[in-house]
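Asker: Protein chains in written order, with the working numbering: chain V, 1 to 111; chain L, 1001 to 1108.
Derived by calculation from the structure, the hints in this document are not laboratory data. Warning: the hint list may mix true and false statements.
[Said to hold, decoys possible] Using 20 angstroms as the maximum straight-line C-alpha spacing, the simulated EDC-like pairs for lysine to aspartate or glutamate come out as follows: (1) V:Lys52 <-> V:Asp98; (2) V:Lys40 <-> L:Asp1027; (3) V:Lys36 <-> L:Glu1015; (4) V:Lys41 <-> L:Glu1100; (5) V:Lys19 <-> V:Glu67; (6) V:Lys41 <-> L:Glu1090.
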Amino acid sequence: ETGVTQTPRHLVMGMTNKKSLKCEQHLGHNAMYWYKQSAKKPLELMFVYNFKEQTENNSVPSRFSPECPNSSHLFLHLHTLQPEDSALYLCASSQVGDGYTFGSGTRLTVV
Amino acid sequence: GIQVEQSPPDLILQEGANSTLRCNFSDSVNNLQWFHQNPWGQLINLFYIPSGTKQNGRLSATTVATERYSLLYISSSQTTDSGVYFCAVETSGSRLTFGEGTQLTVNP
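Just chain L, same shape as in the assembly (with noise of 0.2 angstroms):
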């Protein structure tokens, strides 16, 4: 099945920075989605994003397919941002696969 990579594992940040996390999958996908798990274990949708770049507010991702990765920026972080964000993909012939995910703490 369709493997996905996500990076870093951990980050740690003082509120204010910025960051970019990446997702590299190794199939062609018709579905990628980046999703920010909040502590309660709620899975929130940010973007739906097979190609192309998207913007919402401090969020911004961009697609890549013909090179398989995606990124998400985070800019002037908050410490309501941490939580775990995953990028899942969605193949012609696959369900949606997750990532592990990155842990991002942001400190005050």
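Here chain V stands alone, though its shape is the one from the complex (with noise of 0.2 angstroms):
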């Protein structure tokens, strides 16, 4: 398998579950991103891992929590969301000379 894959494709969680979102990547790079992206609004960076390392939080709520165990995996485990928390969680690799490269994202909906 190549490039980023993302699990799940879909996930429905209602406000006081707990869920995981999972990244993997197989081209070697060695930074990986979560993004955000809500409905009528840019991509925001959320956090940035460079060699496992986090290097970047953007101001995420504590309610997200990252995970980064080697450096193809990345994992953005989810506790007490709320409604407004709803988007595409899309996860990112990149390498110097390369460029980003995005999965193929988890649309999650709080209920």
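Mind docking these for me? Both chains are given alone in their own frames, and the hints should help you get the complex.
Answerer: Right, here's the structure in full:
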């Protein structure tokens, strides 16, 4: 398998649930990212990891908790979300000179 | 931070027509990419083009870094070209920043 793979593709969760989004990249890139895309808004950067160390947290609420066990895998743990957190969550990886590659995204609905 | 402006915001074409999408940015960049977001949300990387000209089939792109703009050309458009086209740039001091996109609709 090549590229960036995200699971699940769709997720519906209640406000009291705990769920996790998974991202895996097969490109040998050293940086991974979580982006959020809400309706009618530009993509917003959430978290950045370089060589599995978090280097940026773009003022994201603590109900979103990232985890990067190695440079190929990235998780986003979700708990006690709000309906306004419903959005498309995109994972990406990058390498200098190679640009960014995005996964297919997880469409999250919080009910 | 860097500003990225795309034009036009919306574009409707008849199948077979050609089009040009523009991206203006406010600072020097070390990365510029064009993406196509399909109706299912996936962002497809079209070009990695911080400068110069590239072509891939019916699509081509040109970035004039000194004048801080990039153009995406779509020739002989097809209905499958419909979707949102994003320009995104990265500077030495900031991560990939997206424009607001051009919504393209190609009618049969």
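Asker: Hint by hint, note whether the structure agrees.
Answerer: Taking the hints in turn, this is what the structure says about them:
no.	hint	verdict
1	V:Lys52 <-> V:Asp98	holds, 19 angstroms
2	V:Lys40 <-> L:Asp1027	violated, 25 angstroms
3	V:Lys36 <-> L:Glu1015	violated, 32 angstroms
4	V:Lys41 <-> L:Glu1100	holds, 7 angstroms
5	V:Lys19 <-> V:Glu67	holds, 13 angstroms
6	V:Lys41 <-> L:Glu1090	holds, 19 angstroms
Hint check: violations occur at hints 2, 3; the rest are consistent with the structure.
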